[in-house]
Amino acid sequence: MRARSAPTVGVVPVLLRDFTEADDPRILQTAADPGTRLWNPFKPADDPVAWRAKIADGVTRTFAITDASDVLLGTIALFDVDHEQGTVELGYRVHPDARGRGVGTAAVRAACAVAFGELGLRRVMLYHAVANPASCRVAERAGFALEGTLREGYVYGDGRAYDEHLHGLLSSDPLSSP
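In my numbering, the protein residues as written are 435 to 612.
Just so you know, not all the hints are guaranteed correct.
Here are the computed lysine to aspartate or glutamate pairs in the EDC-like style, where the Cα-Cα straight-line distance is at most 16 Å [to be verified]: (1) Lys488 x Asp514; (2) Lys488 x Asp458; (3) Lys488 x Glu518; (4) Lys488 x Glu455.
Please keep in mind that the hints were generated in silico from the structure rather than gathered at the bench.
All chains, please: the whole structure from these sequences, using the hints.
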């Protein structure tokens, strides 16, 4: 698969590509991070080989987020694809040393380009815990509209049910400015 680049105005440039064995140490570092474990637990990441095999099943589109030097900055996935309805959910994890630099926003934009272009979908949905304001900023900066709050919408890594925000982006929505 060829790498896909994201718009780079105001954010760090990123590429989306398939995973390689060279990514395993940074996958494990991301999985071990307490913030990742709380908001987006990596259940199979204790064995990156098994995790890479699972995500290669074709059910989801999961990409490595990298920079121009090919360092893994995180992961991003398009999942629960519904071709009949034209919808998909999006989830991402950013390596701790890549946070706060616009990596999440750039990767979300690149993944949305795949969803709307290659997959031909019309709507991307992004859920996050209300208690995770960094993910809210990523969604807003990527052009997603806040559509509502789901009370106790999801049980996260600490076993507690948190309220969630639902953000949506349509293929017809204008691209946001960073």
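Going straight from one Cα to the other, do Lys488 and Glu455 come out at no more than 16 Å? 14 Å, holds
Holds or violated: Lys488 with Asp514, Cα cutoff 16 Å? 15 Å, holds
Hint check: Lys488 vs Glu518, CA-CA at most 16 Å. Holds or violated? Not OK: Lys488 and Glu518 at ~24 Å, beyond 16 Å, violated.
Starting from Lys488, check that the Cα of Asp458 is at most 16 Å away, please. 14 Å, holds
The structure fails hint 3 only (numbered hints given earlier).
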